[in-house]
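Colleague: Chains as they are written, first to last, in our numbering: chain A, 1 to 211; chain B, 212 to 435.
In short, the hints are calculated from the structure, not lab data.
Incorrect hints may appear among the rest.
Ranges between beta-carbon positions, derived for each pair [said to hold, decoys possible]:
(1) B:M212 <-> A:Q8: 38 to 46 Å
(2) B:E340 <-> A:A117: 50 to 58 Å
(3) A:R113 <-> B:A371: 34 to 42 Å
(4) B:V329 <-> A:D165: 53 to 61 Å
(5) B:V428 <-> A:R125: 45 to 53 Å
(6) B:F427 <-> A:R125: 36 to 44 Å
Everything numeric in this text was worked out from a predicted model, so none of it was measured.
We treat Cβ as the ideally placed atom computed from N, Cα and C, and that holds for glycine.
So the chains spell out like this:
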Amino acid sequence: MNAVEVSQLEKRFGAVRALAGVELLVPEGELVLVRGPNGAGKSTLLRVLAGLTRPSRGVVQVLGEDLFRASGAATRGRVGYLGPEPGLYGELSVEENLAYCARLHGRSRARVRELLAAFELAALRARRVRTLSTGYRKRTGLARALVAEPDLLLLDEPWSGLDADASALLDTQLAALRERGGSALVAAHSPEMLAAGFDATIALEAGRRTA
Amino acid sequence: MSAGPRVALAVFAKDLRLDLRSGDRLGHMAVFAAMLVALLSITLPEGTAATRAWLPALAWIVFLLTALLGLQRSFQAEVEQGAVATLVGAPCDRGWVFLGKAAANGATLIGVMLWTAVLFEIFLDVAWERAPGTLAAVGLAGALGLSGLGTLLGAMSSAARFREFLLPVLLFPLILPVLVFASHATAAALEGLPVERLLWGALGLYDWVVLLMGYFVFDYVLED
């Protein structure tokens, strides 16, 4: 089964065509790098796949479901998404942010503790997110995206703001995701991230798939 | 617990925690209401029958204006930090997210309403204790309608460029029925008269329509 099936995907914002006839298949258990310059449509593609933006045209199946139909509600919980912002509440602590997300997805406190340890955030668990550095906010955002143990992970420029240690932690998480049969689409404009060992790379330019 | 109620409860608890922790929203609303009521107490003629007749409507207008301050910031945290994605990813119908946010706004508005009532009692000598049960029920019905509509319109306007302008422009005409029904019901209760069935029915119907509409429309509101 494919984790993602996209056919003739088009997304318009008024007169601007952000995605134009994109075709994409991501088999289960594969990590796919989405490359392209600024404005290529990488972020829009991930937002459509996360159910944040409704496509203007085309077919989008995520984990076998159309996320924009009522039947896709449960499937949305199997998709983890991290955008350019970490998606956290500044006035809540690191642990409270993760616990809130865990409650949304019916996950236990043990899962929160597991992620605090995995991203080396345990010492900062009580710190309010607004007081953290950009890098630690990003780590917390990554942990948030993983709370529900998603079958599909969508990451938009996840390495930006991360130091070498944090990048290694992310690589470990991506490897663990693949090991348990999960898939990921990771958008990046710079090719140095290929070290994480992706199964495939696709390229976008001006909303069209070029490779 | 099934996914929908669990999500609504989580959103409700998170919003209340954020409100209590930052204190900004509640503090600003409390000061704003106090300023308005103080201005009214200075400018209104003291003890006249005309002033007494206006007080129920003025109380609701002060409440509405104060509530607007809070409703404008209801989605601020989500929009500024990109946390809308977390709400969108909740594994249930997005209407439950609406119910959680509306309940949190409703709880805040009830607090604002109690504060407004205290201010009216202190500055303008309004005797709420004449019909506490009826007035509480009217207040609850009004707060429910305002929190439902305010949550929906707050979400719709949150990403707009002129959101501070857009929310009142959308909210004021649509909340007018609540303002009229609740003011009339409050006036009747303060005079020791029974509140007409028609007013109860209209307030209840408005609340149901707003909550149902919010539940079903929110799916589209949360998307780009």
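Colleague: Compare the structure with each hint and give your call.
Modeller: Hint check:
no. : hint                          : result
1   : B:M212 <-> A:Q8: 38 to 46 Å   : holds (40 Å)
2   : B:E340 <-> A:A117: 50 to 58 Å : holds (56 Å)
3   : A:R113 <-> B:A371: 34 to 42 Å : holds (40 Å)
4   : B:V329 <-> A:D165: 53 to 61 Å : holds (54 Å)
5   : B:V428 <-> A:R125: 45 to 53 Å : violated (38 Å)
6   : B:F427 <-> A:R125: 36 to 44 Å : holds (39 Å)
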